[in-house]
Amino acid sequence: MSIIEPVIKQFVVETSQERAFQVFTDGIDRWWPREHHIGKSPLAREVIEPKQGGRWYSICQDGTECDTGKVLAWDPPRRLVLSWQITAKWEYDPSFVTEIEVTFTAEGPKRTLVHFEHRNLERYGESAPELRKSIAAQEGWGQTLDAFKRAAES
Amino acid sequence: MANASIGFAALGDPTRRLIFERLARHPMSVGKLAAGLSVTRPAVSQHLRKLKEAALVTERQEGTRRVYRLDPKGVEAMRSYLDRFWDRALAAFKEAAEKADVEEEKAQ
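Protein chains in written order, with our numbering: chain E, 1 to 154; chain A, 1 to 108.
By construction, these hints were calculated from the structure, which means they are not laboratory data. Treat each hint with caution, since some may be false.
Stated by the list, open to error - Keeping only pairs whose Cα atoms sit at most 30 Å apart, straight-line, the calculated DSS-like set for lysine-lysine is:
(1) E:Lys9 / E:Lys51
(2) A:Lys94 / E:Lys9
(3) E:Lys9 / E:Lys70
(4) A:Lys99 / E:Lys9
(5) E:Lys110 / A:Lys94
(6) A:Lys99 / E:Lys70
(7) E:Lys70 / A:Lys94
As the structure is a prediction and not an experimental result, all values here were calculated from the model.
Taking the hints into account, I'd like the entire structure generated from these sequences.
Structural data, given as C-alpha cells:
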C-alpha cells in the first residue's frame, strides 16, 4: 500500500496556551462538529476525559455512548495525543488505531501556535485485508465494501 | 459521489467480488485471475472493466502482461475526507477558543 500523508494543520489561536489546551479538551463539546457523529441518535455531548488513558467519546441524546478513541498522552498545556479509532464505516473499532497529536506552543500571552497531525491514515488501506481475514464472508465484506463506498464518497 | 454508487453496484456481482478479493491479496494478470475462477478470460476482462469504471481497481502494463490491483486512491479519498473534516472542526475550535477569551475578559 502506498504511503498516505498525515493530515497536518497549523494555525494560530488568539488566546493563551492554557486556554487553547483547555478548550480543545475539556471544552471539546463547544466546537465539535455536530454533523460528524457515529451514533444513531443525535449528539448530545462530546467528551475527552482529562487524563492519560482517558476515553474520548460521544453521548447521544438517547443516553448511549459511542467511543471515538482514547487519550494516549496528556501533557497540559503543551501536548495531547489521542487515538482515533473510527473506521471508514464510521464505527469504533478497538483494533483500529490512528493517532492525532496536537501541540500548543505559546507565542505570546494571548497567542498560541497549534500544530495538529492526524497520522497512520494508511491503515485505512490495511483494514480491508484485515477485515477479510478476521470475518468470514458476508458481514466482513459488507464492512470492506462500505469502506470503499465511504472513501469514494468523500 | 457517482463513484460510490457505481463501486457499490460493481461489487454486487459475486464473481466481481471474488476478483476484487483476489486482487486485494495480490496484483494479478487477467490470465492468472481466470485460471483460478470458473469463468472465461473474456468474462474476467469484462468484470475488470466494470471494477475499473468504479475506480476500485487499476491496471498497469508490466512487460507483455497487464497487471491489475486495487486502486489505492480509495485510501486517499478517505484521507481527503478527514482533511476537510479537520479543517472544519479546527476552525470551529479556533473560534470557540478565541470566544472563550473574550467571555473571560467580559466577566473580569
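Now for the hints, and whether the structure bears them out:
no. : hint               : verdict
1   : E:Lys9 / E:Lys51   : holds, 24 Å
2   : A:Lys94 / E:Lys9   : holds, 12 Å
3   : E:Lys9 / E:Lys70   : holds, 21 Å
4   : A:Lys99 / E:Lys9   : holds, 20 Å
5   : E:Lys110 / A:Lys94 : holds, 13 Å
6   : A:Lys99 / E:Lys70  : holds, 27 Å
7   : E:Lys70 / A:Lys94  : holds, 22 Å
Figure legend: structure checked against the earlier numbered hints; every hint is met.
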